[in-house]
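Listed in order, the protein sequences are those of chains A and B.
Following our numbering, the numbering of the first sequence begins with 1 at its first residue and continues without gaps.
Following our numbering, the numbering of the second sequence begins with 220 at its first residue and continues without gaps.
In case anyone wonders, no lab produced these hints; they're calculated from the structure.
Every residue gets a Cβ at the ideal spot worked out from N, C-alpha and C, and that includes glycine.
The reader is advised that the hints may include incorrect statements.
Unchecked claim - With a straight-line cut-off of 30 Å between C-alpha atoms, the simulated DSSO-like cross-links for lysine-lysine are:
1. A:Lys158 / B:Lys379
2. A:Lys179 / A:Lys141
3. A:Lys20 / B:Lys426
4. A:Lys158 / B:Lys380
5. A:Lys159 / B:Lys379
6. B:Lys274 / A:Lys118
7. B:Lys247 / A:Lys118
8. B:Lys274 / B:Lys247
9. B:Lys274 / A:Lys104
10. A:Lys20 / B:Lys379
11. A:Lys104 / B:Lys247
12. B:Lys426 / B:Lys379
13. B:Lys380 / A:Lys141
14. B:Lys426 / B:Lys380
15. B:Lys274 / A:Lys20
16. A:Lys20 / B:Lys247
17. A:Lys20 / B:Lys380
18. A:Lys158 / A:Lys141
19. B:Lys247 / A:Lys81
Stated by the list, open to error - One side only, chain A facing chain B, incomplete, derived with CB under 8 Å:
20. Pro15
21. Ala61
22. Leu64
23. Leu91
24. Gln95
25. Thr108
26. Ala109
27. Lys118
28. Val165
29. Phe169
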Amino acid sequence: MNGAQDLGGQHGMGPVAPEKDEPYFHAEWEKRALGLTLSCGAFGAWTIDESRHARESLAPATYLSASYYEIWIRGLEILLKRHGFISAAELAAGQMLDNGREPKRILTADMVPGVLAKGGPCDRPAPDQPLFAAGDPVRTKNFNPETHTRLPRYARAKKGFIEAVQGSFVFPDDNAHGKGENPQWVYTVVFDGEEIWGEGADPTLTVSIDAWESYLERV
Amino acid sequence: MTSHSDDGDHHDHDHHDNHFSAVQARVKALETVLTQKGLIDPAAIDAIVDTYETKIGPRNGARVVAKAWSEPDFAGWLRSDATAAIASLGYTGRQGEHMRAVFNTPETHNLVVCTLCSCYPWSVLGLPPVWYKAPPYRSRAVIDPRGVLDEFGVTLPDTKKIRVWDSTAELRYIVIPERPFGTESLDQQALADLVTRDSMIGTGLAKSAGEAR
Chain A
1 MNGAQDLGGQ
11 HGMGPVAPEK
21 DEPYFHAEWE
31 KRALGLTLSC
41 GAFGAWTIDE
51 SRHARESLAP
61 ATYLSASYYE
71 IWIRGLEILL
81 KRHGFISAAE
91 LAAGQMLDNG
101 REPKRILTAD
111 MVPGVLAKGG
121 PCDRPAPDQP
131 LFAAGDPVRT
141 KNFNPETHTR
151 LPRYARAKKG
161 FIEAVQGSFV
171 FPDDNAHGKG
181 ENPQWVYTVV
191 FDGEEIWGEG
201 ADPTLTVSID
211 AWESYLERV
Chain B
220 MTSHSDDGDH
230 HDHDHHDNHF
240 SAVQARVKAL
250 ETVLTQKGLI
260 DPAAIDAIVD
270 TYETKIGPRN
280 GARVVAKAWS
290 EPDFAGWLRS
300 DATAAIASLG
310 YTGRQGEHMR
320 AVFNTPETHN
330 LVVCTLCSCY
340 PWSVLGLPPV
350 WYKAPPYRSR
360 AVIDPRGVLD
370 EFGVTLPDTK
380 KIRVWDSTAE
390 LRYIVIPERP
400 FGTESLDQQA
410 LADLVTRDSM
420 IGTGLAKSAG
430 EAR
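Next comes chain B alone, as it looks inside the complex (with noise of 0.2 Å):
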């Protein structure tokens, strides 16, 4: 098992404590001079902080995984054209423009990274989190995707074929996992229950229908 303490130095959390004050005044002064020169509207800031704390986040990709799991012809239409499916219900806009559906299988799974920035599904996704944009995953998801899937608690059949996607132009990529067994009971409020982030971006698997709640 890898943890924090195994390797501290090169932790994401360190950095980010060692320059917070830094940092901080760093942001303070641009936020300062903007407000001062009237370019930016403080407001806006808090708008759109308040659109990706509550209102864009990963329920949103789940209701799309769900209903893919229940309608076929919902899956279907995700297969050939994921951006309007997607947008059927509402989910449309920034970094989420262009999007692709990925299913796993019994014989494949995939993961979804972007190697040279943070390319992310925000309209399904929300906003990355820090370990998707930080170079240890960056650097070692297409070179040891079942190392990498390892420090999840994530452990495939060897013969399963991995499927890697590096999203390095304008399309976005929201992994629908394999439906647990043990769910034909279940509607789409229930089965989106089971739909976690990290089951979206490959890094996990849906819950099993036990695991629920």
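Isolated chain A (complex conformation) (with noise of 0.2 Å):
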């Protein structure tokens, strides 16, 4: 969807201003936004991609004004009231109204150090061959989904080519919306700046995405 969080090469957001000596936590809700996003994923109930269409479906100026942790709070709410676990009420009321529904899972401490060593693989075996092969010309497709992709608008319908084949991995557009894994091959596509960016682009630019196969077509 071309939401908010499709940020690449908009202007007018201000500098970078990285901070010396970071702390990996600036407040105790952030721990608790962790831990919480993490825990309750471990539910099974939703997939990688579906959280991450839950946080790019934020209004714009919510998803701006947000820090990265409000943002994954505000796509665990939706996510917990869409899937039945939580209701609009109880989150207004910060107490349990309902039982609601059971989880397959629920993480318990001992299961942590396990459950982070495993991750979660998403590679999956393609049912056929790559149509492209390593510095194959293609050109991106153009389309504007209101549904999940992984496609940035700056690089959609601009040539490039292919560096390399990554192996085929479960397709987000089709995952996200409950349409079933339906892997594809993975590609890593690069341009030139000036493709991209046209006029006044620095010359020594080139970007690369890892596109999956069907955002992609032959020149």
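Could you use the hints to bring the two separately framed chains together as a complex?
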């Protein structure tokens, strides 16, 4: 979706302002936000793609004015409500009102090391051979779905070339919406800065994205 | 030079402070409801936080880089199968499932960003810094990398190529910075001390031998 999350190339966001000796957390609630997000992810009720889509669906003004842990918490509230674990009334009251749905799994402290060490690999066998090979020229498609996609706006309808075939992975555009994993080949596609940014582009710049096969067409 | 005072209204920490109590209350309410429902174990949250505060952080990545600088075979393994090479040091798991190592050279500097969210190689670098997840870096890294690098105090030669890697899929990137001159005699422990977190994102360079400690 063309939401506030799709930031590449936007202007006016201000300086980066790196912080010297930045702490891992700036407040206690950020720690809880991290832990809550990972704990609820362990329910197994939604995928990482659905959670990304929940965050990017926040109203642009909210998204752009929130810190990232706040974005996570707002996204988490959406997911918990959507999947029947909590209600809006409970969030407003700050206490339990109904039982709600039971998750497949509840993350307990003893499970944490194993769960974090395992992660969530999302490579899957693809049904077909890759359509493209390293060195092939390609063009990214131009599309503007209101649904989840991982093809940024700045890289749509642009000519580049395949640098590497990276394997086959869950297709987020489908998986975010409960339409199945439908794995596809993923390629690193490289573009000249000038192809993307045109006049005045840094002549030394190349930009790459990792693109699912259906984002690409042969030139 | 840019600074906090140039454009304070747009700086992340102002948002942070303005919203602080409201967000804090929001998170507290959510944790309370989930705890009352038995859906979360507060001790699990503590364990997650402890993991990323004390066990998984950029020293992991620094050891990967030092080994790559010291052992050509390991560097070759990183190029061909970074996930396995990094796993051989015990660094695996969440947000490091599919790793790629990209090597800086005299000709090319690599910079990693996630313009669409906050994808970052947790298994080797730990949790991302605030700036990595915030709009200024995510918007500008792909269009004005030299301007971004300038804010980190990094100036590259005009002729040096810059390759920006936008982490749009599930591959997670670690930059292997160039080995500083004059470090031939250093062991891997001493070399790892030269490797900063930012040098593995591409917003910094490795420290010179004289800067160690």
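Evaluated hints:
For a cut-off of 30 Å, the pair hint linking lysine 158 of chain A to lysine 379 of chain B stands: about 24 Å separates their Cα positions. Between the alpha carbons of lysine 179 of chain A and lysine 141 of chain A the distance comes to roughly 21 Å, so the proposed pair stays at or under 30 Å and holds. Using a Cα cut-off of 30 Å, the hinted pair lysine 20 of chain A and lysine 426 of chain B holds, with the two alpha carbons roughly 15 Å apart. The suggested pairing of lysine 158 of chain A with lysine 380 of chain B holds, with an alpha-carbon distance near 20 Å, which does not exceed 30 Å.
With a C-alpha separation of about 23 Å, the suggested pairing of lysine 159 of chain A with lysine 379 of chain B holds against the 30 Å cut-off. For the hint linking lysine 274 of chain B to lysine 118 of chain A, the alpha-carbon distance of about 15 Å falls within 30 Å, and the restraint holds. Simply put, lysine 247 of chain B and lysine 118 of chain A have alpha-carbon atoms about 29 Å apart, close enough for the 30 Å limit, and the pair holds. As the CA atoms of lysine 274 of chain B and lysine 247 of chain B are separated by approximately 26 Å, the hinted pair is consistent with the 30 Å bound.
Restraint check for lysine 274 of chain B and lysine 104 of chain A: the C-alpha separation of about 28 Å stays at or below 30 Å, so the hint holds. Of the pairs offered as hints, the one joining lysine 20 of chain A and lysine 379 of chain B holds, with about 27 Å between alpha carbons and a cut-off of 30 Å not exceeded. With a C-alpha separation of about 24 Å, the suggested pair lysine 104 of chain A and lysine 247 of chain B falls inside the 30 Å cut-off, and the hint holds. For the hint pairing lysine 426 of chain B with lysine 379 of chain B, the CA-to-CA distance comes to about 19 Å; that is within 30 Å, so the pair holds.
Between the alpha carbons of lysine 380 of chain B and lysine 141 of chain A the distance comes to roughly 27 Å, so the proposed pair stays at or under 30 Å and holds. Taking the CA atoms of lysine 426 of chain B and lysine 380 of chain B, the gap is near 21 Å; set against the 30 Å cutoff, the hint holds. For the hint pairing lysine 274 of chain B with lysine 20 of chain A, the CA-to-CA distance comes to about 21 Å; that is within 30 Å, so the pair holds. A distance of roughly 29 Å separates the Cα atoms of lysine 20 of chain A and lysine 247 of chain B; the hinted pair therefore holds under the 30 Å criterion.
Of the pairs offered as hints, the one joining lysine 20 of chain A and lysine 380 of chain B holds, with about 27 Å between alpha carbons and a cut-off of 30 Å not exceeded. A threshold of 30 Å between alpha carbons decides the hint, and for lysine 158 of chain A with lysine 141 of chain A the separation of about 8 Å falls inside it, so the pair holds. With a CA separation close to 17 Å, the supplied pair lysine 247 of chain B and lysine 81 of chain A stays within the 30 Å bound. Given the 8 Å rule on beta carbons, the hint for proline 15 of chain A holds: about 4 Å separates it from the nearest Cβ of chain B.
Checking alanine 61 of chain A against chain B: minimum C-beta separation of about 12 Å lies over 8 Å; hint violated. For leucine 64 of chain A, the interface hint holds, the least distance from its beta-carbon to any beta-carbon of chain B being 6 Å, beneath 8 Å. Of the supplied interface hints, the one on leucine 91 of chain A holds, with its beta-carbon coming within about 6 Å of a beta-carbon of chain B, less than 8 Å. Contact between glutamine 95 of chain A and chain B, as hinted, is supported at the beta carbon level, the nearest pair being about 6 Å apart and thus within 8 Å.
This hint holds: threonine 108 of chain A has a C-beta 5 Å from the nearest C-beta of chain B, less than the 8 Å allowed. Annotation: interface hint on alanine 109 of chain A holds; nearest CB of chain B at approximately 4 Å, less than 8 Å. Checking lysine 118 of chain A against chain B by beta carbon gives a least distance of about 6 Å; that is within 8 Å, so the hint holds. Annotation: interface hint on valine 165 of chain A violated; nearest CB of chain B at approximately 12 Å, more than 8 Å.
Below 8 Å, beta-carbon pairs count as interface contacts, and phenylalanine 169 of chain A has one with chain B at about 6 Å; its hint therefore holds.
Going through the hint list in order, the structure does not satisfy hints 21 and 28.
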